[in-house]
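Protein chains: 2
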Amino acid sequence: MNFLEERILKDGIVKDGNVLKVDSFLNHQMDIALFNEIGKEFKKRFKGNKINKILTIEASGIGIACIVAQHFDVPVVFAKKAKSINLEGEMYVAEVESFTHNCKNQVIVAQKFLGEKDHVLIIDDFLANGCALQGLIQIVQSAKATVEGIGIAVEKGFQPGGRIIRNLGIQLESLAIVERMDSTTGEIEFRVQEG
Amino acid sequence: MNFLEERILKDGIVKDGNVLKVDSFLNHQMDIALFNEIGKEFKKRFKGNKINKILTIEASGIGIACIVAQHFDVPVVFAKKAKSINLEGEMYVAEVESFTHNCKNQVIVAQKFLGEKDHVLIIDDFLANGCALQGLIQIVQSAKATVEGIGIAVEKGFQPGGRIIRNLGIQLESLAIVERMDSTTGEIEFRVQEG
Numbered sequence: 001m002n003f004l005e006e007r008i009l010k011d012g013i014v015k016d017g018n019v020l021k022v023d024s025f026l027n028h029q030m031d032i033a034l035f036n037e038i039g040k041e042f043k044k045r046f047k048g049n050k051i052n053k054i055l056t057i058e059a060s061g062i063g064i065a066c067i068v069a070q071h072f073d074v075p076v077v078f079a080k081k082a083k084s085i086n087l088e089g090e091m092y093v094a095e096v097e098s099f100t101h102n103c104k105n106q107v108i109v110a111q112k113f114l115g116e117k118d119h120v121l122i123i124d125d126f127l128a129n130g131c132a133l134q135g136l137i138q139i140v141q142s143a144k145a146t147v148e149g150i151g152i153a154v155e156k157g158f159q160p161g162g163r164i165i166r167n168l169g170i171q172l173e174s175l176a177i178v179e180r181m182d183s184t185t186g187e188i189e190f191r192v193q194e195g
Numbered sequence: 001m002n003f004l005e006e007r008i009l010k011d012g013i014v015k016d017g018n019v020l021k022v023d024s025f026l027n028h029q030m031d032i033a034l035f036n037e038i039g040k041e042f043k044k045r046f047k048g049n050k051i052n053k054i055l056t057i058e059a060s061g062i063g064i065a066c067i068v069a070q071h072f073d074v075p076v077v078f079a080k081k082a083k084s085i086n087l088e089g090e091m092y093v094a095e096v097e098s099f100t101h102n103c104k105n106q107v108i109v110a111q112k113f114l115g116e117k118d119h120v121l122i123i124d125d126f127l128a129n130g131c132a133l134q135g136l137i138q139i140v141q142s143a144k145a146t147v148e149g150i151g152i153a154v155e156k157g158f159q160p161g162g163r164i165i166r167n168l169g170i171q172l173e174s175l176a177i178v179e180r181m182d183s184t185t186g187e188i189e190f191r192v193q194e195g
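Sequence lines, in order, name chains A and B.
At position 37 of the first sequence the residue is numbered 37 (full-length UniProt numbering), and the sequence of numbers has no breaks.
At position 18 of the second sequence the residue is numbered 18 (full-length UniProt numbering), and the sequence of numbers has no breaks.
It cannot be assumed that every hint is accurate.
Copies of the same chain look alike in the list, so a pair counts if it fits in one copy or across any two.
Pairs of lysine to aspartate or glutamate, EDC-like flavour, derived with a Cα cap of 20 Å [said to hold, decoys possible]:
(1) K117 - E148
(2) K144 - E41
(3) K81 - E179
(4) K81 - E97
(5) K112 - D11
(6) K15 - E90
(7) K117 - D31
(8) K50 - D73
(9) K44 - E116
(10) K144 - E194
(11) K44 - E90
(12) K81 - E58
(13) K43 - D31
(14) K104 - D11
(15) K43 - D182
(16) K40 - D73
These are computed hints drawn from the structure, not numbers from a lab.
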């Protein structure tokens, strides 16, 4: 069991409707020391990959992405979810469906921040249905840039996102994959990973 | 002139309608090395303050807040702007008006992450009318916690937010205060600060 799985068992809470609350350390209150452990682990797992940019999506991906970026010494670009009047000029746009908010969002990145020379590591806190990630992949492809890999903190292994993305042939590393959880007992079972 | 003012002169773009675009390094693409300089500077400016938590607001405050937090060795809590089904339990709620989006938002923090023992440094990327900050201050006060200070990257000195907040007697440190800018010439003039 790795450091993140241990932390999820200690502080994560299983709620009805397949909701795993990790808001005390991951996506509302943020444990920066833990994020640095996550960064170290991604640096190890993506060691051979040539990465010059990290891409994430607002809001809860940003904190992890920024701390992880220090381990790769690269800038971070975060995709925005709604059109702002401060976002002008040419933009890449992908449409994604949000599981938690039950609505459709546009994912937007200014074209000047992503181009064909970029080798991108995509970072996010959660992977469930994979809609947000598919939007980010779509944007990297629109930019003719390369997806070097995807680093996720917590994957819900019983939802289809992980399988869909691995089937695209992309290196997807999820530090904790929840295989099964039970809101009545609070039990959480992780997929056994190598290494 | 400090490092951030220099960077704004180099890479910031003045647009019509008093818009200063710093999206190539601050709030869309993020220069993590620059954020670490910002963290170092805030650590210096808030040296005597007892700080055990950083509070920011999604989305563009999160990256700076997380990097700054490393210099204080404290966790970050980010306020959310809309009610999510994953945000449950007791919450502090403040209503704020957004200048850039021309709408009202609720600013929300779960009560369990802010209490009377907390000494809070509020961090954000921009200060203009100060509505978001006033929402965050309101939330800290609802929690009976203490605002130890506010650290801002870029303040628009010709808009009222800075004055309103300094009039509350709060230590507000803005690393770059734009006094005047001109979209026809691209000129930017900063307020002269001591130190």
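Here is how each hint holds up against the structure:
1. Proximity of K117 and E148 under a CA criterion of 20 Å is satisfied intra-copy only: 12 Å inside one chain copy versus 44 Å between copies.
2. When the C-alpha separation of K144 and E41 is checked against a cutoff of 20 Å, the pair qualifies neither within a copy, at 28 Å, nor between copies, at 38 Å.
3. For the homomeric pair K81 and E179, neither the shortest alpha-carbon distance inside one copy (29 Å) nor that between copies (31 Å) is at most 20 Å.
4. Taking identical chains as interchangeable, the C-alpha atoms of K81 and E97 lie at most 20 Å apart whether they share a chain (11 Å) or sit on different chains (19 Å).
5. Taking the closest pair of Cα atoms, K112 and D11 come within 20 Å of each other only across two copies (13 Å); inside a single copy the shortest separation is 40 Å, beyond that limit.
6. Taking the shortest Cα distances, K15 and E90 sit within 20 Å of each other only across copies (16 Å), while inside one copy they are farther apart (41 Å).
7. For a Cα distance limit of 20 Å, the shortest separation of K117 from D31 across copies, 18 Å, qualifies, whereas the shortest one inside one copy, 33 Å, does not.
8. Taking CA atoms no more than 20 Å apart as the test, K50 paired with D73 passes inside one copy only; the shortest distance there is 12 Å, against 31 Å between copies.
9. Neither within a single protomer nor between protomers do K44 and E116 lie at most 20 Å apart by alpha-carbon distance, with minima of 25 Å and 40 Å respectively.
10. Neither within a single protomer nor between protomers do K144 and E194 lie at most 20 Å apart by alpha-carbon distance, with minima of 32 Å and 47 Å respectively.
11. In this assembly of identical chains, K44 and E90 lie within 20 Å of each other by CA distance neither inside one copy nor across copies; the values are 35 Å within and 39 Å between.
12. For a Cα distance limit of 20 Å, the shortest separation of K81 from E58 qualifies both inside one copy, at 7 Å, and across copies, at 12 Å.
13. Taking the shortest alpha-carbon separations for K43 and D31, both the intra-copy value of 19 Å and the inter-copy value of 19 Å come in at or below 20 Å.
14. Taking the closest pair of Cα atoms, K104 and D11 never come within 20 Å of each other, the shortest separation being 31 Å inside a single copy and 34 Å across copies.
15. Taking the shortest Cα distances, K43 and D182 never come within 20 Å of each other, neither inside one copy (32 Å) nor across copies (43 Å).
16. For a Cα distance limit of 20 Å, the shortest separation of K40 from D73 qualifies both inside one copy, at 12 Å, and across copies, at 18 Å.
When held up to the earlier numbered hints, the structure conflicts with 2, 3, 9, 10, 11, 14 and 15 and fits the remainder.
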